Amino acid sequence: MLCLLVAQPEKVGDMNLMVIKRILEARCTPLIVTVNKPYKVLTKIYAKEGISPESYYVIDAVTQYSGGACPQTPRVKYVNNPANLTDLGIAITEVIKQMPQGKKCIIFDSVSMLLIHIPSATASKFLHFVVNKLQLSDISGIFLSVEKGLDPVVMSQMSAFVDHIMDYDQAQKSPCLL
Amino acid sequence: MPEKIQGLTDRATIESSGNIFRTVFERIQTAILIVDPAAHQIVDANPLMESLTGLSKDQMLGKGCQGFVCPAKCGECPVTDLHKNILNIEREIINAKGERVPVLKTVAKADIGGKEYLVESYVDITEHRKAEERQAALIAYLSESILRAKKPLELMQEEFHEIARRAKSGDYDPEDVRMELELHAKNLGQIVKNLEELQAKALEGKTTEIPPEFREFLIRK
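Protein sequences appear in the order of chains A and B.
Taking my numbering as reference, the numbering of the first sequence is continuous, increasing by one, and the terminal residue is 1289.
Taking my numbering as reference, the numbering of the second sequence is continuous, increasing by one, and the terminal residue is 225.
Be aware that a few hints might be false.
[As the list claims (entries may be wrong)] Chain A residues, not near chain B, derived (Cβ > 12 Å throughout):
no.	residue
1	Lys1132
2	Ala1202
3	His1275
4	Met1277
5	Gln1281
6	Gln1283
[What the hints assert, rightly or not] Listed next, the in silico BS3-like pairs over lysine-lysine satisfying Cα-Cα at most 27 Å (straight line):
no.	chain 1	residue 1	chain 2	residue 2
7	A	Lys1151	B	Lys190
8	A	Lys1122	B	Lys190
9	A	Lys1284	A	Lys1159
Because the hints were derived from the structure by calculation, they are not lab data.
Quick caveat: nothing in here was measured; it's all calculated off a predicted structure.
Glycine included, every Cβ here is placed at the ideal spot set by N, Cα and C.
Pulled out of the complex, with its shape left as it was, chain B reads as follows (with noise of 0.2 Å):
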């Protein structure tokens, strides 16, 4: 083949593929920000990008990283000055309305066009962090239902049969046992009390209404 033609060929085939890697970038169901290292400053974000900081791709063109996906200082970037693998690591990052959004972040290195970039990839992992969140709100509110009604009921065990035993030696007055199985019939009445309200709390959905301590112990066991 005549050497022009090759280059038209070649080049065609560039374009084409650089047309088919451009689709990719505005289709794929992944955040994606590009990232010049030296200046860290964004170059280029996709469609994903901009719904998942609710920020246009104009306002993000040009916005350096530190600060907005990125926690580290100037100077300290885990990649180009601390050389550290950024793969699926839990990041926050601040959307346009100053919320905060889990994602999982991974930053790979590219040469494009003769030059390196970082292309930094998000995946929003809000609705598995609420997952995580009901799955600790169960496992607490199962938690505080044992606490109030399985230990409480043992002791009571053990108290009945020492009601029992004292009834039988002879050493305590009726008044003395019917106050003691009074008291825990009412501890009964109350433990499936407690058991009906931790179920209600349950089924309304207050689940994730539980202490941040408790929570952070749940999720770290």
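Only chain A is shown next, with the shape it has when bound in the complex (with noise of 0.2 Å):
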């Protein structure tokens, strides 16, 4: 299952948890895919709510961009700068094959961030050559986004290789996430 969810901009983090809240409860494993916030802050975020690092995979593409410590560990991977689209593509390959066998999802935080660093065009081109890795793999993909906050072509697009398009609110209510 492939979904692009959007919210407004206060409501992007509660989505985030919200989605990482239903992939675990579905005994799926999750790998987010971060160019919005640093591993150790996103770690943070998640263990008050309850989710232990144990649990999920991380591609994070802003630590070492915001001159942070990368520190080495094996459920973490880190990418130098967010416009780096081989290396995103690289790691989530990598990552992939590292997860354990059984239902996986990535999330990506979020389509609207990527933004800033690559032009809408290479931005979509990028998300198909994502959506056609998961799609031969059989793995979910949630990608995140600000509402409006995508141009016509890429939302047809994505339109047109996701399976499902949600606001934040419909996805509370829909069983059909993953």
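Grab the two chains, each in its own frame, and use the hints to assemble them into the complex.
Listed below in structure tokens is the structure:
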């Protein structure tokens, strides 16, 4: 299942938490690709919600970019810059291989923040690449974005390759997020 | 007035009015073709039609209108077979260089010397199309600027509120706060750079370089 979830800017953080909780409830292993928050901050936010760092994998494209330390841990992979799509693609492939057998789901947080670093047209091509990879590996994908934060072409292309586009309220009620 | 003199006056009037209409036909700032509807052949063309197509009048005379100024197949003429009204319809004609020229086409039936002809007039709308493209490109760049600046700024505004809350809660160490502030400072720098790049592209006239699907979407809207 591939979903594009959109929310008001003030709800994007809550949406991330709701999604990871739903993924874990479904006994699925999440991989968070973050271009929004450093891994260290993300783990503290999740820990506050009772989510153990042993239950998820992370690809962090912002810690090194913001001059933070990147301690090597088995469940996190760092990419030096959110605009480095080649390394981001390689990291996704590697972490997917490293994840245990069973249901897996990627959370991409967020498409809107990615647009700071690359133009819409490039973002669209990259997301298409990610979606193809997920479909070939039979992995679910949830892309987070700010409402009305995608250009009409990216939106129409995304709508062609995802199964659902939902806002935060719909996603909370929907039984078919995964 | 004696009958013979009256006849001479009428003919002179007709000839004189014929001359007037010929002059109008040749000077009018609309490209005109006269087409024989039975044979679908061009029987006359004015000088503006010559400059629009890049073909001389002699090259056009006797030429079939289908495949030249009309995309319809034989037996499907919109005027004579399908009885459609062609009034200011956007079409394209192919000029001598093989280029497609956007035009507004109007077809009217006219009785000339007791025989029906089609008077086809064409207004070149190339400049109008270019203006539309420029407008679409401008909207595209404005949209891209908003997407790459306004939305991320809204997200960052929320993040700053969050950082402030987290800093106050004491759950986060100074390095966490520093990292997030540094990240957003860099993001702000990148947004400024994006806006400068977009502005530079617009000033360099590269605003026409937008994806065709985006242009179509904007024009459709």
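We went through each hint and held it up to the structure:
{"no.": "1", "hint": "Lys1132", "in the structure": "holds, 18 Å"}
{"no.": "2", "hint": "Ala1202", "in the structure": "holds, 18 Å"}
{"no.": "3", "hint": "His1275", "in the structure": "holds, 21 Å"}
{"no.": "4", "hint": "Met1277", "in the structure": "holds, 18 Å"}
{"no.": "5", "hint": "Gln1281", "in the structure": "holds, 20 Å"}
{"no.": "6", "hint": "Gln1283", "in the structure": "holds, 19 Å"}
{"no.": "7", "hint": "A/Lys1151 - B/Lys190", "in the structure": "holds, 18 Å"}
{"no.": "8", "hint": "A/Lys1122 - B/Lys190", "in the structure": "holds, 23 Å"}
{"no.": "9", "hint": "A/Lys1284 - A/Lys1159", "in the structure": "holds, 23 Å"}
This entry satisfies every hint, going by the numbered hints stated previously.
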